[in-house]
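Go ahead and model the full structure; you've got the sequences and the hints to work with.
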Amino acid sequence: MSDFARRLIRWHKAHGRHDLPWQDTRDPYRVWLSEIMLQQTQVATVIPYYGRFLERFPTL
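In the numbering used here, the protein residues as written are 1403 to 1462.
The set of hints was computed from the structure by calculation and includes no laboratory data. Be careful, since some hints might not be right.
[Stated by the list, open to error] Estimated spans, in silico, between C-beta atoms of each pair: (1) Phe1406 x Ile1438: 37 to 47 Å; (2) Ile1411 x Leu1440: 34 to 44 Å; (3) Asp1405 x Leu1462: 18 to 28 Å; (4) Tyr1451 x His1420: 32 to 42 Å; (5) Arg1409 x Pro1450: 29 to 39 Å; (6) Phe1459 x Ser1404: 36 to 46 Å; (7) Ser1404 x Leu1462: 31 to 41 Å; (8) Gln1442 x His1420: 33 to 43 Å; (9) Thr1447 x Gly1418: 14 to 24 Å; (10) Pro1430 x Met1403: 19 to 29 Å; (11) Val1445 x Leu1410: 31 to 41 Å; (12) Ala1446 x Trp1413: 33 to 43 Å; (13) Tyr1451 x Pro1430: 32 to 42 Å; (14) Ala1407 x Glu1457: 13 to 23 Å.
[Unchecked claim] Heads up, simulated SDA-like pairs for lysine to any residue below, C-alpha to C-alpha not over 20 Å straight-line: (15) Lys1415 x Arg1428; (16) Lys1415 x Asp1405; (17) Lys1415 x Ser1404; (18) Lys1415 x Gly1453; (19) Lys1415 x Met1403.
Think of the CB as a built atom: it goes at the ideal place given N, C-alpha and C, for glycine as much as any other residue.
Put into structure tokens, the structure is as follows:
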């Protein structure tokens, strides 16, 4: 791993957001969904919609 990557990971651990519902998944559908929803939309607005959307459409 490069020095830059190590520094970036260290910075994220200290200063990054760790409370987002899509951060703990490796499910491609959930990752894709969060990326689509976050395009030109504030995170605070997406969070409740993300949960409701997944309740209604949990899979493709």
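How the hints compare with the structure:
1. Phe1406 x Ile1438: 37 to 47 Å: violated, 29 Å
2. Ile1411 x Leu1440: 34 to 44 Å: This hint is violated: roughly 21 Å between Cβ atoms.
3. Asp1405 x Leu1462: 18 to 28 Å: Hint violated: Cβ distance 39 Å, outside 18 to 28 Å.
4. Tyr1451 x His1420: 32 to 42 Å: Because 20 Å falls outside the window, the suggested range is violated.
5. Arg1409 x Pro1450: 29 to 39 Å: holds, 34 Å
6. Phe1459 x Ser1404: 36 to 46 Å: holds, 38 Å
7. Ser1404 x Leu1462: 31 to 41 Å: Distance hint for Ser1404, Leu1462 holds at roughly 35 Å.
8. Gln1442 x His1420: 33 to 43 Å: violated, 24 Å
9. Thr1447 x Gly1418: 14 to 24 Å: holds, 20 Å
10. Pro1430 x Met1403: 19 to 29 Å: Between Pro1430 and Met1403, where Cβ atoms are some 24 Å apart, the hint holds.
11. Val1445 x Leu1410: 31 to 41 Å: Distance hint for Val1445, Leu1410 is violated at roughly 20 Å.
12. Ala1446 x Trp1413: 33 to 43 Å: At 22 Å between Cβs, range violated.
13. Tyr1451 x Pro1430: 32 to 42 Å: violated, 19 Å
14. Ala1407 x Glu1457: 13 to 23 Å: violated, 36 Å
15. Lys1415 x Arg1428: The given pair, whose Cα atoms are some 19 Å apart, holds under the 20 Å limit.
16. Lys1415 x Asp1405: holds, 15 Å
17. Lys1415 x Ser1404: holds, 17 Å
18. Lys1415 x Gly1453: It is violated: about 25 Å lies between the C-alpha atoms, which goes past 20 Å.
19. Lys1415 x Met1403: holds, 16 Å
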